[in-house]
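Engineer: Sequence:
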Amino acid sequence: MSRFIVVVRESTLQDGKLNIPEKFVSRNGIRLKELIVLKVGNSGRYWEMKLEKEDDGKVWLCQGWKDFEDHYSIQHGNFLLFKYQGNYNFKVIIFNKTATEIAYPTKSKSYRPTANDHDETDSDSGSVQILDVPNTKKAKPTKGGKIKSTKRFKHAVDMDTDQKATAIQRAEVFKSKNPFFWISLPTTYVVQRYMNIPKKFFENHLGDKSTNVILKNSKGGTWLVQYVFKIVKKKPIGKFCTGWNKFVRDNNVQVGDVCHFELIKGHQISFRVRIFPTP
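Numbered according to full-length UniProt numbering, the sequence shown spans residues 1 to 279.
Be careful, since some hints might not be right.
[Claimed, not checked] Pairs of lysine-lysine residues, derived as DSSO-like cross-links and limited to a Cα-Cα distance of at most 30 angstroms, are as follows:
(1) 233 - 177
(2) 219 - 233
(3) 199 - 234
(4) 97 - 200
(5) 50 - 17
(6) 239 - 219
(7) 83 - 58
(8) 58 - 177
(9) 58 - 17
(10) 265 - 239
(11) 246 - 230
(12) 219 - 235
(13) 239 - 97
(14) 97 - 199
(15) 265 - 219
(16) 233 - 175
(17) 239 - 216
(18) 97 - 234
(19) 83 - 177
Read the hints as simulated data drawn from the structure, not as lab findings.
With the sequences and hints as input, model every part of the structure.
Structural biologist: Here you go:
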């Protein structure tokens with residue numbers, strides 16, 4: 001267990017401390033009352049805090065947490081993804097209520113790392129974009145393996161924060177040696193005829209030329225989809241267009257489902273697409 005997600009509750013804000021899974025602490029041999037260092041996203045900011053254990057057996061981030069909470073305007077319903085990097089160093093990524101990584105403040109009263117701290121880059125491969133993860137009813141398979149839903153598109157609604165955290169964890173677990181990205185689909189990408197691709201991914205792997213690509217599902221089915229690159233208001237945009245809506249319909253992709261796109265090597269640009277339904 002090298003990572004965990006914490007959902008911020010009202011009690012977290014009131015108590016000024018954050019509960020940490022005790023199993024995580026024990027499995028990683030982390031000693032209590034030791035100073036730990038949090039590296040925030042890719043901001044280059046570091047925060048020093050202390051872990052403490054109370055009489056009820058729960059482990060908490062106490063000293064230093066309140067300043068961290070105030071600086072990043074942590075709110076009820078936010079998510080914090082902790083990745084342990086060894087030697088009491090953590091990388092933490094902060095998500096807002098819609099499961100989108102927040103924009104981190106540029107200035108900070110943060111801890112300055114010492115010579116003993118190692119400058120690590122995130123070891124995870126791929127590119128990640130986390131969007132809206134609303135609740136939805138799941139479809140049932142019919143004869144012939146096709147999937148049919150009694151209600152094709154359901155508008156986004158607020159989802160229980162625990163379900164959002166579960167969706168993020170499931171997508172985080174899946175890794176690949178090939179370049180990949182995953183997106184939890186908001187209503188727009190399900191009802192409209194396009195899906196935006198994370199900027200870092202299309203710049204590194206797809207380029208600035210529009211072309212056709214192939215999407216393959218887990219059953220071996222294939223769909224021809226157009227990849228479109230364009231500049232909008234001086235900003236590069238890459239997206240799936242023509243053919244995307246058919247892929248969504250044929251695979252009964254629902255609002256909130258997590259789609260994992262793995263780039264497959266070959267003459268034709270192809271993606272293996274894994275669909276993780278929302279709980």
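Engineer: All hints, please: hold or fail.
Structural biologist: Okay, the hints, checked on the actual structure:
1. 233 - 177: Outside the cut-off at roughly 34 angstroms; violated.
2. 219 - 233: violated, 40 angstroms
3. 199 - 234: Holds - the C-alpha atoms of residue 234 and residue 199 are around 14 angstroms apart, at most 30 angstroms.
4. 97 - 200: holds, 23 angstroms
5. 50 - 17: holds, 10 angstroms
6. 239 - 219: With Cα atoms ~24 angstroms apart, residue 239 and residue 219 stay inside 30 angstroms; holds.
7. 83 - 58: holds, 20 angstroms
8. 58 - 177: This hinted pair is violated, its Cα atoms lying about 37 angstroms apart.
9. 58 - 17: Roughly 11 angstroms separates the two Cα atoms, so the pair holds.
10. 265 - 239: holds, 20 angstroms
11. 246 - 230: holds, 22 angstroms
12. 219 - 235: violated, 36 angstroms
13. 239 - 97: holds, 25 angstroms
14. 97 - 199: Answer holds: residue 97 to residue 199 is near 22 angstroms, not above 30 angstroms.
15. 265 - 219: holds, 19 angstroms
16. 233 - 175: Violated - the C-alpha atoms of residue 175 and residue 233 are around 34 angstroms apart, more than 30 angstroms.
17. 239 - 216: Answer holds: residue 239 to residue 216 is near 17 angstroms, not above 30 angstroms.
18. 97 - 234: holds, 29 angstroms
19. 83 - 177: holds, 19 angstroms
Consistency note: the structure conflicts with the earlier hints numbered 1, 2, 8, 12 and 16.
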